[in-house]
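Enquirer: As a plain string of letters, each chain reads:
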Amino acid sequence: QKEVEQNSGPLSVPEGAIASLNCTYSDRGSQSFFWYRQYSGKSPELIMFIYSNGDKEDGRFTAQLNKASQYVSLLIRDSQPSDSATYLCAVTTPGGTYKYIFGTGTRLKVLA
Amino acid sequence: DAGVTQSPTHLIKTRGQHVTLRCSPISGHKSVSWYQQVLGQGPQFIFQYYEKEERGRGNFPDRFSARQFPNYSSELNVNALLLGDSALYLCASSFGLAREQYFGPGTRLTVT
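First to last, the protein sequences are chains G and V. So the first sequence is numbered by this note's numbering: it starts at 1 and just counts up by one. So the second sequence is numbered by this note's numbering: it starts at 1001 and just counts up by one.
Mixed in with the good hints, there may be bad ones.
[Claimed, not checked] Heads up, simulated SDA-like pairs for lysine to any residue below, C-alpha to C-alpha not over 20 angstroms straight-line:
1. G:K42 - V:Q1041
2. V:K1030 - G:T97
3. G:K2 - V:G1040
4. G:K42 - V:G1016
5. G:K67 - G:G54
6. V:K1013 - V:R1108
[As the list claims (entries may be wrong)] Okay, the calculated beta carbon distance ranges per label pair:
7. G:G54 - V:V1038: 33 to 39 angstroms
8. V:F1095 - G:D55: 36 to 42 angstroms
9. V:A1080 - G:N22: 24 to 30 angstroms
10. G:A17 - V:E1054: 41 to 47 angstroms
11. V:T1110 - G:K67: 38 to 44 angstroms
12. G:R60 - V:A1080: 28 to 34 angstroms
13. G:G29 - V:N1077: 27 to 33 angstroms
14. G:Q31 - V:T1005: 27 to 33 angstroms
15. V:N1059 - G:R60: 35 to 41 angstroms
16. V:T1110 - G:S82: 28 to 34 angstroms
17. G:S12 - V:R1067: 34 to 40 angstroms
FYI, nobody ran anything at the bench for these hints, they're computed from the structure. For every residue, glycine included, the Cβ atom is placed at its ideal position computed from N, Cα and C.
With the rest of the complex left out, here is chain G (with noise of 0.2 angstroms):
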């Protein structure tokens, strides 16, 4: 079982729809909770952090936590073309020594 776990797609998605992506981990004592957006050549660009359970929101993005249940995901509402993009999950794990997983990423492609 991968650590973190994501659906590689493509996630296909209207132009003005929301897209879900979502994302497991294998950790139960995982802290931190991380999406990145990824553009083909580029570096991962921080689009949310939640460090709790439950809901958090920022313009059009909400990332969802669910402890219990190992899971995390990203809403964006309203998709634009310009939301094209490769999506990375990424955790941090507990304990003395700290290391950050990421998932292999989602690929979103929106629709015009």
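Chain G is fixed; fit chain V onto it per the hints.
Expert: Leaving out everything else, chain V in the frame of chain G:
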């Protein structure tokens, strides 16, 4: 404000050689992490440094080493380069441990 900076942008090396990559964090950030990203995969965690001490290490061989300087900048060193070390090397900075990280533009390393 300046973001995370990395140098060089691109690098071509021969198998067996050594390489040093450099990173300057966002002003005020005390932690720097290094990642390796190959095409189609998420970033793989190599190291995290905080206040000049190693606080996290990924599953990379001892050929990989790093250090953080008093001004919080960092170097990643890779010895005895292999063809498989060809990748995008990313540096990310954060204010503290297990906190949100911001990535630099990366160094593209090609080993021939």
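Enquirer: Tell me the numbers of any earlier hints that the structure contravenes, in ascending order.
Expert: 4, 8, 9, 12 and 17
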